[in-house]
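The lines below spell out each chain.
Number of protein chains: 4
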Amino acid sequence: MPDTLIKVDLSQSAYDNDMIHNRWHPDIPMVATVKPGQDFVIECYDWTGGFIKNNDSAEDVRDIDLSIVHFLSGPVGIEGAEPGDLLVVDFLDIGAFPHNAWGFNGFFSKQNGGGFLTDHFPQAQKSIWDFHGMFTSSRHVPGVSFAGLIHPGLIGCLPDMKLLETWNRRETALIATNPNRVPPLANAPFAATAHMGRLQGDAKASAAATGARTVPPREHGGNCDIKDLSRGARVFFPVYVPGAGLSMGDLHFSQGDGEITFCGAIEMPGWIHLRVNLVKDGMAKYGIKNPIFKPSPIKPVYSDYLIFEGISVDEAGQQHYLDVNVAYRQACLNAIEYLTKFGYSRAQAYAILGTAPVQGHISGVVDIPNSCATLWLPTEIFDFDINPGSSGPSGGIKGGVDIPLAPDR
Amino acid sequence: MPDTLIKVDLSQSAYDNDMIHNRWHPDIPMVATVKPGQDFVIECYDWTGGFIKNNDSAEDVRDIDLSIVHFLSGPVGIEGAEPGDLLVVDFLDIGAFPHNAWGFNGFFSKQNGGGFLTDHFPQAQKSIWDFHGMFTSSRHVPGVSFAGLIHPGLIGCLPDMKLLETWNRRETALIATNPNRVPPLANAPFAATAHMGRLQGDAKASAAATGARTVPPREHGGNCDIKDLSRGARVFFPVYVPGAGLSMGDLHFSQGDGEITFCGAIEMPGWIHLRVNLVKDGMAKYGIKNPIFKPSPIKPVYSDYLIFEGISVDEAGQQHYLDVNVAYRQACLNAIEYLTKFGYSRAQAYAILGTAPVQGHISGVVDIPNSCATLWLPTEIFDFDINPGSSGPSGGIKGGVDIPLAPDR
Amino acid sequence: MPDTLIKVDLSQSAYDNDMIHNRWHPDIPMVATVKPGQDFVIECYDWTGGFIKNNDSAEDVRDIDLSIVHFLSGPVGIEGAEPGDLLVVDFLDIGAFPHNAWGFNGFFSKQNGGGFLTDHFPQAQKSIWDFHGMFTSSRHVPGVSFAGLIHPGLIGCLPDMKLLETWNRRETALIATNPNRVPPLANAPFAATAHMGRLQGDAKASAAATGARTVPPREHGGNCDIKDLSRGARVFFPVYVPGAGLSMGDLHFSQGDGEITFCGAIEMPGWIHLRVNLVKDGMAKYGIKNPIFKPSPIKPVYSDYLIFEGISVDEAGQQHYLDVNVAYRQACLNAIEYLTKFGYSRAQAYAILGTAPVQGHISGVVDIPNSCATLWLPTEIFDFDINPGSSGPSGGIKGGVDIPLAPDR
Amino acid sequence: MPDTLIKVDLSQSAYDNDMIHNRWHPDIPMVATVKPGQDFVIECYDWTGGFIKNNDSAEDVRDIDLSIVHFLSGPVGIEGAEPGDLLVVDFLDIGAFPHNAWGFNGFFSKQNGGGFLTDHFPQAQKSIWDFHGMFTSSRHVPGVSFAGLIHPGLIGCLPDMKLLETWNRRETALIATNPNRVPPLANAPFAATAHMGRLQGDAKASAAATGARTVPPREHGGNCDIKDLSRGARVFFPVYVPGAGLSMGDLHFSQGDGEITFCGAIEMPGWIHLRVNLVKDGMAKYGIKNPIFKPSPIKPVYSDYLIFEGISVDEAGQQHYLDVNVAYRQACLNAIEYLTKFGYSRAQAYAILGTAPVQGHISGVVDIPNSCATLWLPTEIFDFDINPGSSGPSGGIKGGVDIPLAPDR
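Protein chains in written order, with our numbering: chain E, 1 to 409; chain A, 1 to 409; chain L, 1 to 409; chain Z, 1 to 409.
Hint data in this document are derived by calculation from the structure and do not stem from the laboratory.
Small disclaimer: the values here were computed from a predicted structure and weren't measured.
Cβ coordinates follow ideal geometry from the N, Cα and C atoms, glycine included.
Hints are not guaranteed to be accurate.
[What the hints assert, rightly or not] Some chain Z residues near chain L, calculated using beta-carbon distances under 10 Å: (1) 38; (2) 39; (3) 40; (4) 41; (5) 67; (6) 68; (7) 161; (8) 221; (9) 226; (10) 242; (11) 243; (12) 280; (13) 294; (14) 371.
[Stated by the list, open to error] With a straight-line Cα cutoff of 27 Å, these simulated DSS-like cross-link-like pairs (lysine-lysine) come out: (15) 341(E) - 280(A); (16) 398(E) - 7(Z); (17) 341(E) - 341(A); (18) 398(E) - 7(A); (19) 341(E) - 7(A); (20) 398(E) - 35(Z); (21) 398(A) - 280(E); (22) 341(L) - 341(Z); (23) 398(E) - 280(A); (24) 294(A) - 294(Z); (25) 341(L) - 285(Z); (26) 341(Z) - 289(L); (27) 285(L) - 341(Z); (28) 341(L) - 398(Z); (29) 7(Z) - 294(L); (30) 398(A) - 285(E); (31) 285(L) - 398(Z); (32) 341(A) - 294(E); (33) 280(Z) - 341(L); (34) 294(E) - 294(L); (35) 398(L) - 341(Z); (36) 7(E) - 294(Z); (37) 53(A) - 7(A).
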């Protein structure tokens with residue numbers, strides 16, 4: 001039985017666990033050390049540290065202070081790891097805690113974070129998803145259930161100081177272009193709610209002032225929210241500091257490509273069983289800037305999809321130049337419109353696209369002026385037949401339930 | 001044996017075949033009529049009408065007048081089709097001509113069309129791909145072969161006048177924002193090289209003056225370049241005019257998601273065997289704006305991928321806000337850099353990403369300020385092992401050949 | 001365009017084509033020679049040489065003289081091939097003739113060949129299957145259509161004299177244990193209907209007297225009827241004679257594992273595009289006795305199956321000892337019984353199991369006294385939902401058509 | 001969190017746990033009752049109740065008294081279940097115990113059970129497999145690792161008295177044909193080592209005298225050893241007694257089709273999370289005699305196989321009539337011979353075929369006199385390339401370790 005190097009107590013504040021941190025900084029001390037070839041278990045809070053509850057109100061989603069996220073477990077030191085190496089991480093298994101067999105999906109208010117379709121869903125909403133072994137379903141979204149493609153939304157090694165400075169410089173420059181935007185263009189370092197792990201005193205204060213926020217994916221990986229980085233996958237991470245410093249969290253039971261609802265997957269606390277190895281000097285050997293990975297041999301396999309196209313003409317009919325974001329947003333809106341024909345509210349349809357193993361493909365990026373993106377909706381996750389037929393939609397859900405909404409205050 | 005409704009003679013100019021057209025306009029006369037339930041065969045020129053030759057020079061790619069594309073076969077009328085219906089099209093089979101078992105992939109000069117990585121590959125280049133039954137390989141790109149996922153890059157129904165006017169209006173407005181840009185933001189109607197099928201005289205002149213160019217994907221489908229719209233797929237197209245008017249062309253033997261090199265798939269002439277049916281009033285019944293489709297039960301299946309991540313920080317280190325195009329470009333550049341470690345030139349690597357059954361996934365679009373996109377490279381298409389290992393790259397190709405380049409004049 | 005080395009004229013008797021043969025013998029002269037690395041096309045008769053017609057009578061199936069089968073195209077010589085080598089054969093593509101886009105499936109009378117369930121289906125029956133591009137359906141079996149997994153039922157290299165003698169000796173010995181059995185235990189050489197290709201005169205008479213019948217699979221491959229030996233597969237055949245002598249035929253548009261109806265796949269004439277290579281001394285290098293192969297990257301992929309179990313207790317309730325044949329027969333009978341609940345006749349159900357891409361798995365062979373075998377029926381091939389549900393079977397076919405039967409005379 | 005209805009203490013004898021039984025008899029009392037729709041967890045001993053140890057000696061495999069197997073957990077009663085219903089069982093998840101992350105694979109001595117290749121491997125051997133999350137590898141079989149396809153080897157409902165009598169009658173009749181055979185043709189009831197759960201006193205003695213042994217699969221399912229009955233699958237079991245009485249055990253971490261080594265999978269104790277539902281009168285509605293099932297959407301997916309053919313000519317060259325057992329045995333022996341070329345001992349190769357996710361297909365059962373069976377070996381489970389190439393085998397393992405063997409005493 002592998003050692004559990006980091007444990008979490010869900011009844012305890014994540015701030016009281018010194019093996020947790022919520023900023024990226026090279027000075028955060030390692031909390032454990034492993035050897036190459038070793039396997040071990042890491043437990044994780046959900047990304048909000050337990051702020052979101054299993055109930056029928058979205059007030060917690062509306063009210064959360066997003067400067068506290070993401071609560072990560074680590075960093076774990078790897079013996080012999082040096083800058084320039086690749087850290088090979090095998091995700092041997094990932095799971096929910098048996099006593100906490102549920103997760104949540106939320107839409108943030110446009111006033112507090114927003115999301116991919118925030119102009120269409122401007123207020124806070126939340127759905128709860130129960131886990132039944134490998135499967136999940138929601139009391140707020142009837143008629144759909146699917147197998148989880150469990151993965152950490154966020155994982156990567158500590159940046160060195162130079163990389164951290166690069167991040168802060170470029171993100172600050174972006175914020176400066178529109179500093180009052182709601183939601184913001186990016187999140188600057190913010191010391192007040194920083195959790196710097198075992199760093200204390202002045203060292204903590206100094207690091208908290210410049211520690212990078214955990215929201216975006218960056219060169220080291222970080223918050224990639226790639227659903228295919230799942231149990232059974234192998235990832236090659238760049239190493240920037242001696243010992244590598246691997247941290248992780250933001251576990252998802254399932255997620256659609258794009259994590260479009262932002263609080264977007266089915267979020268949960270849980271554990272991850274890892275094995276680490278090194279490719280010495282691997283960054284130069286293979287010309288690696290961002291992580292690369294190989295998919296798992298075990299994952300949910302659906303073969304029947306209904307696929308929605310979108311092009312880069314926006315909801316108002318305006319033409320955008322080869323903009324994949326606009327195209328994918330249209331594909332999502334097309335799918336939402338379609339699902340309403342089977343009885344779903346638009347919010348329920350949005351939640352399905354965010355949580356189910358939906359694929360988002362970049363289909364065309366050169367045919368000026370329109371990009372084309374496709375959203376692949378697995379048909380087998382529905383209790384009824386959602387395929388189009390000559391007699392029009394039949395079946396579907398009865399309605400009567402919807403996703404709780406908390407109006408902005 | 002189904003009837004071949006449209007034949008093409010590759011030794012004849014596409015302009016001399018009145019069952020071909022290269023603009024979208026509701027006045028283009030139907031060239032054949034079929035009944036719902038009927039299956040039939042349509043032959044197609046390659047998108048350039050035979051301009052690109054099987055040789056070792058890229059001068060044809062450099063010199064082509066892109067206003068002539070795409071040469072489409074049709075329109076085919078469907079009895080009983082009315083505006084608002086969905087036209088159900090089964091792709092029963094698609095193939096190359098036995099006597100023309102090759103295709104081409106090109107990078108356009110930045111002065112003449114460009115492409116997704118045109119700043120990195122600013123000059124015209126061309127590779128030739130030979131077909132060996134279901135497989136293809138190139139004398140210009142050694143060490144790689146793969147099964148074709150054959151599909152029409154371009155297919156859709158005729159727009160009505162209102163839709164056509166919408167297209168022209170919004171695209172003209174975009175061009176007006178930077179009318180002298182090279183390459184252009186979009187292509188305005190252009191009568192000089194218009195081929196309007198059987199339309200003649202004043203009617204032709206009038207339609208040619210406003211006929212929409214065929215380059216972008218639009219509401220009706222059109223030039224979607226979706227590799228998964230392949231033999232065996234079923235597509236549901238919106239109908240805008242009585243009789244529907246289905247046209248198609250731009251056949252591809254294979255293509256990667258994004259068709260990133262622009263002339264971007266393995267382009268070929270060939271034939272397509274179709275069956276059509278109708279869902280009466282299907283657009284309203286299912287809330288359809290763009291085509292939807294279902295994938296084929298028969299397609300190349302690769303299970304082992306090496307996956308490259310990219311984020312929306314550009315080559316110069318500048319931060320972009322949730323821009324999937326930038327992120328996917330970085331994923332492509334990361335994959336190109338990787339492949340050079342195995343002996344490929346950057347141009348060869350670019351050609352592989354454009355032609356092989358590469359997947360492009362939208363992985364994260366909400367984690368401000370960075371989008372994350374992934375490029376999935378199937379490892380099984382290479383003759384050697386491209387996976388990373390502790391001893392660094394071994395194997396690979398020997399070099400000595402490259403993709404022909406034609407310098408700008 | 002590859003050369004077509006062997007052509008067939010379906011209006012001509014296979015006996016009049018000297019590039020065809022219907023027995024295995026080392027003396028049959030090569031009809032063409034190719035070099036390693038070369039690709040070429042071979043045309044094939046259907047296995048009966050055109051005896052079975054596209055009509056609604058099973059009299060041809062009842063009356064056929066089975067001593068004439070199988071009409072094979074070849075043998076093709078490969079330069080440099082020597083006994084002990086492995087002949088590597090890539091199936092680059094396989095297809096039906098466009099002007100002959102149909103095939104047949106038959107049950108033989110127990111008096112003339114029989115089949116896996118001959119005690120249940122003792123009389124001749126025949127269904128005709130039309131090809132629609134990659135798909136097939138039958139006017140005799142409504143409600144079902146599927147993509148073809150096209151393959152040669154029969155392919156292999158010429159035996160040398162020693163191997164031929166081994167075959168004749170062991171099969172004759174088996175026949176001798178029950179020489180009057182109907183159907184027979186095996187087929188002895190039979191000169192009267194032998195077609196020995198270009199062999200003439202005394203040499204022909206001599207070879208015809210001992211030439212092995214083509215019915216069983218043997219060490220060289222031969223009539224393996226493996227549905228996965230399909231277009232895109234690579235096969236490694238043992239070589240026994242100088243030049244190898246590769247022959248093939250018995251093309252199938254589709255077949256279920258086991259080819260249980262005997263005339264069992266969807267039988268058709270057609271063409272096969274091959275490439276050959278050699279592994280010198282490969283039999284010893286790899287310890288090869290029978291062919292080995294690798295599956296195609298392109299094949300119909302169905303993911304949703306309904307799976308039937310069978311055990312080695314026969315229809316009369318008698319216990320057999322670990323007999324997989326009995327177990328698989330029970331699984332087949334269980335599936336047939338199930339399908340009758342959806343309106344199919346037992347004969348139609350039997351035809352579906354024989355022709356569709358059904359899998360037969362050996363699930364348990366050690367749990368005395370019962371073997372367990374499973375039959376995997378893809379649910380997606382049916383127009384209606386065949387899954388079990390709490391309300392019992394609904395949907396299904398209306399009946400009114402059945403598979404033609406020709407009573408024994 | 002679902003209730004764990006049956007717990008096992010691996011340090012306690014299975015005979016001391018009254019929720020365990022090792023015979024089938026309708027009188028065995030239910031140990032728990034659940035409602036349709038309910039999900040719950042059942043813990044299981046390994047099939048031997050802990051007799052086989054994690055060490056490097058095969059003496060336990062040699063010495064085990066096989067009359068004690070299989071230790072099953074149950075029976076669980078389902079409210080409202082009546083004879084003739086179908087019990088729908090969803091395998092929501094299955095796992096090993098974290099503190100017992102290993103399993104065993106054994107070959108039984110021909111004197112004590114034997115196996116599919118017992119004439120080739122007549123003595124007891126044992127390999128130990130360690131679990132690393134979803135993956136397994138063995139210190140006794142280097143160079144191979146794979147993801148587990150976890151499943152219960154044995155599961156089914158209690159027989160009624162009539163069915164039990166049928167079993168005993170037909171199996172006793174078989175034994176009578178050769179009562180002294182070693183290994184035996186079947187196992188008769190044997191009271192001395194019977195564990196009848198909560199049945200006590202005379203009732204126990206009476207039932208033990210006639211309780212069916214658990215070794216073979218039968219009409220109710222039972223010891224089917226179907227690797228695809230895995231986590232995520234849905235099974236429909238016939239119900240024979242009021243309350244159904246569902247029992248299960250013999251968990252396998254992984255197994256190849258056929259479970260050819262008899263103690264044949266990677267055997268382990270563990271837990272299974274189930275949900276049950278009923279199809280009232282489902283046996284008649286759907287014509288069900290044996291269980292049917294649907295596969296899991298989550299399972300290990302390997303796409304690259306090397307496939308070995310076998311025909312029904314035995315090792316001595318003798319011809320058998322359409323005997324799939326002989327054909328599959330030859331395919332297995334062919335694969336074993338092949339693997340020896342890469343450094344494996346024959347015993348190691350045999351263990352790989354028994355434990356890895358190998359497929360066994362029934363490929364031809366009508367081409368007299370030879371059946372054809374195929375064994376599908378996934379190539380991706382090996383650390384090195386096992387595909388054939390022109391230069392012969394390279395790579396492979398170094399040897400120096402083998403599978404422990406315990407000579408017969």
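Checked hints:
1. 38: violated, 16 Å
2. 39: At about 17 Å, which exceeds the 10 Å cut-off, the nearest Cβ of chain L leaves the hint on residue 39(Z) violated.
3. 40: violated, 20 Å
4. 41: Status violated, d = 25 Å.
5. 67: violated, 13 Å
6. 68: With a minimum Cβ separation of about 16 Å from chain L (threshold 10 Å), the hint on residue 68(Z) is violated.
7. 161: At 16 Å from the nearest chain L Cβ, residue 161(Z) fails the 10 Å test, so the hint is violated.
8. 221: Interface hint status for residue 221(Z): holds (7 Å vs cutoff 10 Å).
9. 226: holds, 4 Å
10. 242: Nearest chain L Cβ about 19 Å off; hint violated.
11. 243: violated, 19 Å
12. 280: holds, 7 Å
13. 294: Residue 294(Z) check passes; min Cβ-Cβ to chain L is 6 Å, inside 10 Å.
14. 371: holds, 7 Å
15. 341(E) - 280(A): holds, 16 Å
16. 398(E) - 7(Z): Violated: residue 398(E) and residue 7(Z) sit about 40 Å apart, past 27 Å.
17. 341(E) - 341(A): Status violated; Cα separation ~51 Å.
18. 398(E) - 7(A): With a Cα-Cα distance of about 51 Å, the restraint between residue 398(E) and residue 7(A) is violated, given a limit of 27 Å.
19. 341(E) - 7(A): violated, 41 Å
20. 398(E) - 35(Z): Between residue 398(E) and residue 35(Z) the Cα gap is close to 25 Å, so the pair holds against 27 Å.
21. 398(A) - 280(E): holds, 25 Å
22. 341(L) - 341(Z): violated, 51 Å
23. 398(E) - 280(A): holds, 25 Å
24. 294(A) - 294(Z): holds, 23 Å
25. 341(L) - 285(Z): holds, 8 Å
26. 341(Z) - 289(L): This hinted pair holds, its Cα atoms lying about 14 Å apart.
27. 285(L) - 341(Z): holds, 8 Å
28. 341(L) - 398(Z): Roughly 57 Å between the alpha carbons, so the hint for residue 341(L) and residue 398(Z) is violated.
29. 7(Z) - 294(L): Answer violated: residue 7(Z) to residue 294(L) is near 45 Å, above 27 Å.
30. 398(A) - 285(E): holds, 18 Å
31. 285(L) - 398(Z): Since the Cα atoms of residue 285(L) and residue 398(Z) sit roughly 18 Å apart, the hinted pair holds (cutoff 27 Å).
32. 341(A) - 294(E): With a Cα-Cα distance of about 18 Å, the restraint between residue 341(A) and residue 294(E) holds, given a limit of 27 Å.
33. 280(Z) - 341(L): Distance of about 16 Å is within 27 Å: holds.
34. 294(E) - 294(L): Satisfied, since the Cα-Cα distance of roughly 23 Å is no more than 27 Å.
35. 398(L) - 341(Z): The hint is violated at about 57 Å.
36. 7(E) - 294(Z): Outside the cut-off at roughly 38 Å; violated.
37. 53(A) - 7(A): holds, 21 Å
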